[in-house]
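Colleague: Could you build all of it, start to finish, from the sequences and the hints given here?
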Amino acid sequence: NAGVTQTPKFRILKIGQSMTLQCTQDMNHNYMYWYRQDPGMGLKLIYYSVGAGITDKGEVPNGYNVSRSTTEDFPLRLELAAPSQTSVYFCASQEGQNTEAFFGQGTRLTVV
Amino acid sequence: TQLLEQSPQFLSIQEGENLTVYCNSSSVFSSLQWYRQEPGEGPVLLVTVVTGGEVKKLKRLTFQFGDARKDSSLHITAAQPGDTGLYLCAGSNNAGNMLTFGGGTRLMVKP
Numbered sequence: 022n023a024g025v026t027q028t029p030k031f032r033i034l035k036i037g038q039s040m041t042l043q044c045t046q047d048m049n050h051n052y053m054y055w056y057r058q059d060p061g062m063g064l065k066l067i068y069y070s071v072g073a074g075i076t077d078k079g080e081v082p083n084g085y086n087v088s089r090s091t092t093e094d095f096p097l098r099l100e101l102a103a104p105s106q107t108s109v110y111f112c113a114s115q116e117g118q119n120t121e122a123f124f125g126q127g128t129r130l131t132v133v
Numbered sequence: 261t262q263l264l265e266q267s268p269q270f271l272s273i274q275e276g277e278n279l280t281v282y283c284n285s286s287s288v289f290s291s292l293q294w295y296r297q298e299p300g301e302g303p304v305l306l307v308t309v310v311t312g313g314e315v316k317k318l319k320r321l322t323f324q325f326g327d328a329r330k331d332s333s334l335h336i337t338a339a340q341p342g343d344t345g346l347y348l349c350a351g352s353n354n355a356g357n358m359l360t361f362g363g364g365t366r367l368m369v370k371p
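Protein chains in written order, with the working numbering: chain A, 22 to 133; chain B, 261 to 371.
These are computed hints drawn from the structure, not numbers from a lab.
Keep in mind it's a predicted model, so treat the numbers as computed, not measured.
Positions of the beta carbon are idealized from the N, C-alpha and C atoms, including for glycine.
Treat the hints with care, since some could be wrong.
In the DMTMM-like style, the derived pairs of lysine to aspartate or glutamate whose C-alpha atoms are separated by at most 25 angstroms in a straight line are [claimed, not checked]: (1) Lys78/A x Asp59/A; (2) Lys316/B x Glu275/B; (3) Lys330/B x Glu275/B; (4) Lys316/B x Asp343/B; (5) Lys317/B x Glu116/A; (6) Lys316/B x Glu116/A; (7) Lys316/B x Glu80/A; (8) Lys319/B x Asp59/A; (9) Lys30/A x Glu301/B; (10) Lys78/A x Glu116/A; (11) Lys317/B x Glu121/A; (12) Lys78/A x Glu275/B; (13) Lys330/B x Asp77/A; (14) Lys65/A x Asp331/B; (15) Lys330/B x Glu116/A; (16) Lys65/A x Glu265/B; (17) Lys65/A x Asp343/B; (18) Lys78/A x Glu93/A; (19) Lys330/B x Glu80/A; (20) Lys370/B x Glu277/B; (21) Lys30/A x Glu121/A; (22) Lys65/A x Glu298/B; (23) Lys330/B x Glu121/A; (24) Lys35/A x Asp47/A; (25) Lys370/B x Asp331/B; (26) Lys30/A x Glu298/B; (27) Lys65/A x Glu301/B.
Listed next, the stretches of chain B that the computed footprint assigns to chain A, with coverage defined by at least 3 CB atoms under 8 angstroms from CB atoms of chain A [said to hold, decoys possible]: (28) 280-294; (29) 305-318; (30) 363-371.
Modeller: Now the structure itself:
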């Protein structure tokens, strides 16, 4: 059972470039989340989804977009990368309300 | 946005000492969770509390959910170097569909 898988693990982008961070889970979880974590800090919620076809903004959605066409996949899109988006990005999934959130290994993104 | 504030942000103690970490908000949560994160890894769940006033124990760790379901605390008895890490509280909103995290408490336990 793979759990939550994120790709890539590391990426360096130039300012203005675009990229998609991939996230897939094999636990048939309805809830999925994208967070960013700056060094030594907590996690800030970017976007979340409660099921296929449904997405909502979190605390810091500006500069990002998501889609949820299937239960398994929840990609995060950066359209015009900026240095402020340098961070570690975590994807997570939950079966439902008040259940354990399972996290991927993270994607370390540097924008130069 | 439902904000969770953790205190202290950093804590450095000697092995054997006790400590308490706090997680506070002005919002009501349907549940509060505590996670621990190691460097280079994603957070891992320690406990979930759902009832106001609830107390849960996990070996040397004691978790409490405030009566009004707005705050929580984590108490560690006789801390050990293996307890070193980043401790994060996370709250689910009343609809239970949005999980937000506090800023974290970085704990270092010196032998």
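Colleague: Does each hint fit the structure? Answer for all of them.
Modeller: Structure-based check of all given hints:
no.: 1; hint: Lys78/A x Asp59/A; in the structure: holds (19 angstroms)
no.: 2; hint: Lys316/B x Glu275/B; in the structure: holds (23 angstroms)
no.: 3; hint: Lys330/B x Glu275/B; in the structure: violated (31 angstroms)
no.: 4; hint: Lys316/B x Asp343/B; in the structure: holds (18 angstroms)
no.: 5; hint: Lys317/B x Glu116/A; in the structure: holds (24 angstroms)
no.: 6; hint: Lys316/B x Glu116/A; in the structure: holds (22 angstroms)
no.: 7; hint: Lys316/B x Glu80/A; in the structure: violated (29 angstroms)
no.: 8; hint: Lys319/B x Asp59/A; in the structure: violated (31 angstroms)
no.: 9; hint: Lys30/A x Glu301/B; in the structure: holds (11 angstroms)
no.: 10; hint: Lys78/A x Glu116/A; in the structure: holds (20 angstroms)
no.: 11; hint: Lys317/B x Glu121/A; in the structure: holds (17 angstroms)
no.: 12; hint: Lys78/A x Glu275/B; in the structure: violated (42 angstroms)
no.: 13; hint: Lys330/B x Asp77/A; in the structure: holds (23 angstroms)
no.: 14; hint: Lys65/A x Asp331/B; in the structure: holds (19 angstroms)
no.: 15; hint: Lys330/B x Glu116/A; in the structure: holds (23 angstroms)
no.: 16; hint: Lys65/A x Glu265/B; in the structure: holds (12 angstroms)
no.: 17; hint: Lys65/A x Asp343/B; in the structure: holds (24 angstroms)
no.: 18; hint: Lys78/A x Glu93/A; in the structure: holds (19 angstroms)
no.: 19; hint: Lys330/B x Glu80/A; in the structure: holds (19 angstroms)
no.: 20; hint: Lys370/B x Glu277/B; in the structure: holds (10 angstroms)
no.: 21; hint: Lys30/A x Glu121/A; in the structure: holds (23 angstroms)
no.: 22; hint: Lys65/A x Glu298/B; in the structure: holds (17 angstroms)
no.: 23; hint: Lys330/B x Glu121/A; in the structure: holds (19 angstroms)
no.: 24; hint: Lys35/A x Asp47/A; in the structure: violated (32 angstroms)
no.: 25; hint: Lys370/B x Asp331/B; in the structure: violated (28 angstroms)
no.: 26; hint: Lys30/A x Glu298/B; in the structure: holds (16 angstroms)
no.: 27; hint: Lys65/A x Glu301/B; in the structure: holds (16 angstroms)
no.: 28; hint: 280-294; in the structure: holds (count 3)
no.: 29; hint: 305-318; in the structure: holds (count 3)
no.: 30; hint: 363-371; in the structure: holds (count 3)
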